[in-house]
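Undergrad: Sequence order for the protein chains is Z and H.
Using this note's numbering, you'd call the opening residue of the first sequence number 1 and step up by one each time.
Using this note's numbering, you'd call the opening residue of the second sequence number 1 and step up by one each time.
Note that these hints are calculated values from the structure, not bench results.
Cβ atoms here follow ideal geometry from the backbone N, Cα and C, with glycine treated the same way.
Mixed in with the good hints there might be a few duds.
Said to hold, decoys possible - Short derived list, chain H residues pointing at chain Z, Cβ under 10 Å:
#	residue
1	80
2	102
3	114
4	116
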Amino acid sequence: MRLLLEIRKELLFSLAIYLLLKVFFINDIFSEYIEQVILYTIIIVVASLGLNIIYGFTGQFSLGHAGFYGLGAYFSAYLTKTFSIESGLLFIFIILLSGAFSAFIAYLIGIPILKFRDDFLAIATLGLGILIRNILDNSDRFIETLGGSRGFVGINSLSGLEIVFFVSLFFILISKNIIYSKYGLFWRTIRDDETASSSIGINTTNIKLLAFVYGCFLAGSAGAMYAHLYTFLHPSNFDFLKSVDFLVIVIVGGMGSISGTIIAGFLWVFIIEGLRILLPPDILELRWVIIPVILIIIMMWKPYGLMIKKKVI
Amino acid sequence: MKILEIKNITKNFGGIKAVSNVSFDVKKGEILSIIGPNGAGKTTIFNLITGFYIPDDGKIIFKGIDITKIPTYKRINLGIGRTFQNLRLFKSMSIFENVLSASLVKSEYNLLSSITRNKNFYLKKSEAEHKTRKLLEFFSLDKKESYPAISLPYGEQRKLEIARALALDPELLLVDEPAAGMNPSEVIDLIDIFHKIQETFKTTIIIIEHHMDFVMNISKRIIVVDFGEKIMEGTPEEVKNDKRVIEAYLGEEFISA
Numbered sequence: 001m002r003l004l005l006e007i008r009k010e011l012l013f014s015l016a017i018y019l020l021l022k023v024f025f026i027n028d029i030f031s032e033y034i035e036q037v038i039l040y041t042i043i044i045v046v047a048s049l050g051l052n053i054i055y056g057f058t059g060q061f062s063l064g065h066a067g068f069y070g071l072g073a074y075f076s077a078y079l080t081k082t083f084s085i086e087s088g089l090l091f092i093f094i095i096l097l098s099g100a101f102s103a104f105i106a107y108l109i110g111i112p113i114l115k116f117r118d119d120f121l122a123i124a125t126l127g128l129g130i131l132i133r134n135i136l137d138n139s140d141r142f143i144e145t146l147g148g149s150r151g152f153v154g155i156n157s158l159s160g161l162e163i164v165f166f167v168s169l170f171f172i173l174i175s176k177n178i179i180y181s182k183y184g185l186f187w188r189t190i191r192d193d194e195t196a197s198s199s200i201g202i203n204t205t206n207i208k209l210l211a212f213v214y215g216c217f218l219a220g221s222a223g224a225m226y227a228h229l230y231t232f233l234h235p236s237n238f239d240f241l242k243s244v245d246f247l248v249i250v251i252v253g254g255m256g257s258i259s260g261t262i263i264a265g266f267l268w269v270f271i272i273e274g275l276r277i278l279l280p281p282d283i284l285e286l287r288w289v290i291i292p293v294i295l296i297i298i299m300m301w302k303p304y305g306l307m308i309k310k311k312v313i
Numbered sequence: 001m002k003i004l005e006i007k008n009i010t011k012n013f014g015g016i017k018a019v020s021n022v023s024f025d026v027k028k029g030e031i032l033s034i035i036g037p038n039g040a041g042k043t044t045i046f047n048l049i050t051g052f053y054i055p056d057d058g059k060i061i062f063k064g065i066d067i068t069k070i071p072t073y074k075r076i077n078l079g080i081g082r083t084f085q086n087l088r089l090f091k092s093m094s095i096f097e098n099v100l101s102a103s104l105v106k107s108e109y110n111l112l113s114s115i116t117r118n119k120n121f122y123l124k125k126s127e128a129e130h131k132t133r134k135l136l137e138f139f140s141l142d143k144k145e146s147y148p149a150i151s152l153p154y155g156e157q158r159k160l161e162i163a164r165a166l167a168l169d170p171e172l173l174l175v176d177e178p179a180a181g182m183n184p185s186e187v188i189d190l191i192d193i194f195h196k197i198q199e200t201f202k203t204t205i206i207i208i209e210h211h212m213d214f215v216m217n218i219s220k221r222i223i224v225v226d227f228g229e230k231i232m233e234g235t236p237e238e239v240k241n242d243k244r245v246i247e248a249y250l251g252e253e254f255i256s257a
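Extracted from the complex, chain H is given alone in its bound form:
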């Protein structure tokens, strides 16, 4: 079953075609990777899916709903979560508050009940706090929950951003370069974490990543983009042996290695 359908999307910035006529489907429950050289348009694809950009042409269908032109917050509330290539945490806020803010987005109490502090307010508040604690435990961040987000080492900041996105209960999670800036042992941990995320939260995941070991290990299907175009789609084995991919991106050494 398809959860996301990308149909011939195109996005131009001035004269530059950042994304050109790209189409692909994402099946429910899979981990799909998007690879390609820097500036190939990978992050632009994420920004188009989440509504930070609106495509010039083409359609984006999520769970059968056409989301091509609706605002970001509405798409997110339909069940899409994302992280950013250059971490975007709420820097002055605590680790706990970072995740809590996302847990509270769908919390159903209104301005009046926050003023009068009725039963429903406390109920929803403790629900959100409980959910936040669970997520922080899952990522082993619970011991540091009151620290400012910025005090975490880089690898844990990445985890915190994923925890924040998961607090939205997304059916589709878009992760932009999760392994960037991580050391090899952290990358091995990260592979485990993604398998665990998929198991625990039953989330469909799209990952943009440069770390080839990571990509080959984690996804059964890979999409390769270059100069804004999709040049190839297939299993890790097929991608590894594709002449165009080697030329555009992997390079000869990758094969001989």
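Isolated chain Z (complex conformation):
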């Protein structure tokens, strides 16, 4: 009960947003394309929140986040296709299962690679991301359905407004509760000073692994929702550049800020997609001139991210 009382503001606010979206969606005020972009953004926020926990809160730089997002996407699509799953409830179960699958892989890989620090960890996770992408590229050699470099086609469209919105809300609230507990506090002490953290008796190996595994759980779950939104998967959607997308969202929003990740996630997708609508087709590629300029301006204006006020150091 106290839990509901504590999060009542967030719940009421989210409910209002949901109702608003619902009204818009029912009355077809948005085109189908824009509806898809809105759901996609929510999914991206969940995956970015995962990276914020790994990097923003715990300070473990990862360039392989898109890999775990892709693992969840392929895993879930394989399951729904093989078992012809069409019910929403079962799909929610599949989302959680896909998150768990990514988390399990992250656990196996995290044990050896989280021993590295800083730039060494960056290289290790970069390699990991490339490895996953290559496995997906050749996936048809061991499982025909996955499609390999031709792409995974014919996935059921199951990611509707209700499922995407409420599953994501659930993930965000759980994340908030973990962040505002001793675990979140230990994540931050490790980011600040790992040696000092072990000097106060924190099992830093386990706490770092928890952040990595949980962050990848969110990525995998987000991937599952993504797969059933666009109903088509291609390995190129999960390469290194996608990991950079997540990284940009975390840094622009602010390291260790939940609201920052949500705002930056929407900003990022809306700028990219918005420019696609605004710019005439013949100069569309000018987006990739405008976007970096916007990023530079944001970082000059708010060097620690949109939602972080001021750093003392």
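Chain H: place on chain Z using the hints.
TA: Leaving out everything else, chain H in the frame of chain Z:
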């Protein structure tokens, strides 16, 4: 009663013997000081006791348990707290959070109760917060608890680090150069604080320090190390008058002064 036994520990870095065949015991409740020139291996001894280094040879026994090879966090949870020579605070976090993090380490709630926020979560949380407030009051840091740790003046940062270590309820506290960078009046305060710590928390304390007035004032037993070896162990009077100690460390002026 012995709380800590160091038995012939040796630690080499490449060809350099940082600590060589050092042995000593620490009695429950005492304040023991380790002195010696820079680079003599004092901090290495602390790092060996807390498990940041594993000795090449020898044994470390804490409360009768052989801790020579167990990981740092396990030793700390057996009841050892420490501070660092070059302050290691959680810089981006508040003064309160610095101490709270240590108060929460032994707090018994799991991931599930942090998600569901059950009764036990709130109980353990308020216990830890209460303990943190008490400690901050003890060190007169409570008025500034929401400030970032880095905003404190140097002397108070040292106190905060000691408060953080005490939040672990250590039976043995290792303090590395607490008086470094403090002015004379702060050093006098610090002597008081250590006497008070010993009284209030019944903690056994080992101090590494260069400030001789401080050392002579606070401990009844002193260990002197030089080039990684223990050259002398005794009362402040004995140490002051020992020829080897004067040669290696104190210098002639200290005696004539």
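Undergrad: It remains to establish, for every hint, whether it holds in the given structure.
TA: Here is how each hint holds up against the structure:
Against a cut-off of 10 Å between C-beta atoms, the interface hint on residue 80(H) holds, since the closest Cβ of chain Z lies about 9 Å away. With 10 Å as the threshold, the beta carbon of residue 102(H) comes within range of chain Z, its nearest partner Cβ sitting at about 4 Å, so the hint holds. Interface restraint check for residue 114(H): the shortest CB-CB distance to chain Z comes to about 3 Å, inside 10 Å, so the restraint holds. Proximity of residue 116(H) to chain Z holds as hinted, the smallest CB-CB distance being about 6 Å (cut-off 10 Å).
Hint compliance for this structure: no hint is broken.
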